[in-house]
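The listed protein sequences derive, respectively, from chains A and B.
At position 219 of the first sequence the residue is numbered 212 (the working numbering), and the sequence of numbers has no breaks.
At position 408 of the second sequence the residue is numbered 878 (the working numbering), and the sequence of numbers has no breaks.
Hints are computed from structural coordinates only; laboratory data are not their basis.
Quick caveat, the model's predicted, so the values are computed rather than measured.
There's no promise every hint is true.
Residues from chain B that keep clear of chain A, each with C-beta distances beyond 10 Å, as calculated [what the hints assert, rightly or not]: (1) 559; (2) 616; (3) 975.
If you only want the chain A side, here are some residues facing chain B, beta carbon under 8 Å, derived [what the hints assert, rightly or not]: (4) 39; (5) 54; (6) 76; (7) 78; (8) 138; (9) 144; (10) 151; (11) 172; (12) 267; (13) 275; (14) 279; (15) 284; (16) 291; (17) 305.
Label-pair restraints from in silico Cβ distances [to be verified]: (18) B:816 with A:12: 29 to 35 Å; (19) A:-5 with B:649: 55 to 61 Å; (20) B:873 with A:138: 36 to 42 Å; (21) B:827 with A:182: 30 to 36 Å.
Heads up, the beta-carbon is just placed ideally off N, CA and C, and yes, glycines get one too.
Residues per chain, in single letters:
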Amino acid sequence: MDLLARFLIRLFSTAITLFGVAVIVFTVVRVVPGNPIAMMLPPGATPADIVRLKALYGLDKSIPQQFVIWFWGVLHGDFGTSISLRQPVLGLVLGRLPATLELATMALVMAILIGGASALTAVRFRGTQIETGIDVANGAALSIPDFLWGLLLIIFFGVLIPLFSISGRISPDLQLNFETQFYLIESIVRLRFDVTANLLAHMFMPALALALPLAAIIGQLLKQSLKETMELDYVTLARTKGYSETRVILREALRNAILPTLTLTGVQFTFLIGGTVIVERLFSYEGLGNMAIDAVVNRDLPLIQGIVICFAVIFTAVNLVVDLTYAALNPRLRHA
Amino acid sequence: MPNFSRRSLLKLSGATLALSSVGLPAFAAPIDELVIAYNVNLPSWDPTVGPSAVNPTIQGVYQSVFDQFILQKPDLSFAPGLLTEWGWNADKTQVHMTVRDGVKWHDGSPFTAEDVVWSLQRAADPKTGNPIQFTWKNLANFKADGNKITADVVQFDPTIFKWMSFLTGYVMPKAYYEKVGAAGFEAKPIGTGPYMVDHFERNSYVRLKANPHYWGGKPEFDTVTIKFVPDSASRVAQVESGNAHVTLEVPYEEYDRLKGKARLHGYAHPITDIGMIFLNNDSVMKDPNVRQAACHSVNKKLIIDRLLSGYGVPIDTLEAPGYAAYDASIKVPYDPALAKKKLAASGYSTKKPVKFKIQTTKGYKPKDYEMIQAIVGMWRKVGIEAEIEVYEIAKHFELRAAHKLAPAAFYDWGNSIGDPTTSTGFAMFGPSPHSSWKTKDVDARIGPLWSEKDEAKRIAGWKAVDRYIAEQCDVLPLLQYVQPILADKRVKVVPHGSGALLPALMTRA
């Protein structure tokens, strides 16, 4: 099966997955206790007020009817209007998505750097106390959830040694007249390095909180993979040629050992985006995750649906890319 | 082992310092820009529609940008605002209002009586989605003559002017709103309030600039940034690190720890927010002995002292001190012996306890779950065995509207205008969707008070209702909350009885 056919089949299955997600999320948010009308009922509201508000927000129809109306709108690019924010859902989601993507990407880069460095160091000093120390640190990083890392970082780098900003994405006093919401990228393109530094200072702690558990996974997997590779004949041959241990690891073993880690990292990226929900809240970072919590608290059904669909699209797209990349790199899968 | 050279270490330190110099607090310098760490996000800029319109906590942000029809002072008394005079005619079939002269909107255009009329008509229009429309529709046929306005009373509501200081009671800019529409207003809102919106990043912050032409005088701080920090641990870190000068609603333990620090001071002020337990007039709660035992066996002072570090005021009716119908003589004393006696009269004891479910939130209000745990423990000692069910606040609203709450259910009730209709009235009157107690005897006592035109008789009537409800124990009021505010010592804060944190009331210490 060639790559194009594989791509088309995966695209079709992705569309079915997204439709399934849409059905599930639409139904679940309407079935779980707590509806938006009850949330906004003031003291003294009458049954007539309840009926009026339900009709105003289209909640007076049956769930299948509501779904058909909503899904027809989605097919035409209309995800509805947020109940709490009173703005089109699509615009709100796309407006916040860049912030979350930048944060998740930075966290991924940090995780790769930290995880990669720890794996290489552990392998370079395998069998020593340094490796034991790295294993312990990896265990701690993995067992502590990201939001707890966030709290620890706030206390350490925000209160005790106030090096980084605790909340938000950028300092309010910075004047931004940017065209896009990809502030980090645009600040670099526009050579506004004052903005870049400010953004990085704000992103450092939430990104690190997200990165640490993933760094531990990457570190452990890469270390095991490297250790196995280091036992192979071609590596032994490289050693007999008199290459230094560091060169053997970096030049000979790493190239082969890194493939499974890269695959895993692609998949873990989706979990990392999921982790932004709590971490963004903790750091008052104005991303999609922070907005998702407000949407749930306010029972803002159209916004919850829009955010979940957006996350689902990201998850399936990343999985699609990982699958196709793996197929492209692995001849056995390509010709299966 | 890797070796760092002195040069590389210096480079690293330099880079770290450069990165960390962004936005760091300066503790000794005078405060130019006031930074407040606020406990909720601001969903929408229109204070008259959507869920945020009825969220009491957000009102402090709205009141910084918009003016209400009538001003409410920190002690909850009412004072001239955009309306300088208001009242009814003799038979209370008409209202009259006088609009303040010389006020300007933030865009420089003049504020007029037309804005007031349009705002009231818009609020009464069901199509706009104003959740308080049921009140605003009681006025119609507005006539404006200069700065004088009159309107007909469709249905007499003694609290209509109090609502003008309460939820959705804001004056909106007619010409500007009609020009830019809802989306344009959301993008660039203007009001007549003490601060103008300079920049707004949803879920992150709003930067405000002082309105130099504010009718009440220009606020002391030219620039105020309100950061939206819903997480209480993050708010504590904000104020402790100096990244924010003022914050509110932090855990009481943290408040006690931080208020004694050299750089900070604290304000702990009772606000118009009470904790209570709804009783449902179904199942075992139909038995007055059970209800009275439930009320008399709760030691509210002990709960406040042990769980809330002493920050709270025990209450025995749904009227807290400072409310119009508060009556200190109404008492439901802590008396476990009496509770046992009442239960025994209905055949219950510690060996044969009466059983029911109590619902509560967990973490929605300070120590809510822990309070209910303590109450269940107190009940157990007299012969009440209650099973705790934790629910989300959204579920509470839904169950309450459908009259499906458990026999007992914890809730907090806000009433910043302090009128009895908006506390006892809506919480205990059967036809109200917010009432959990729906009985003819209480409804018969409350009913006539909705349209009582004699204010003294009206308040006296509500006091009588409160006394009756307290004697019957149809509800279990617990405490009036105390709002903890932490501030930099360079900032003087004036706490508002409604709980709204208003930067316009803050000055340099």
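In ascending order, which of the hints set out earlier in this document are inconsistent with the structure?
-> 5, 8, 11, 12, 17, 18, 21
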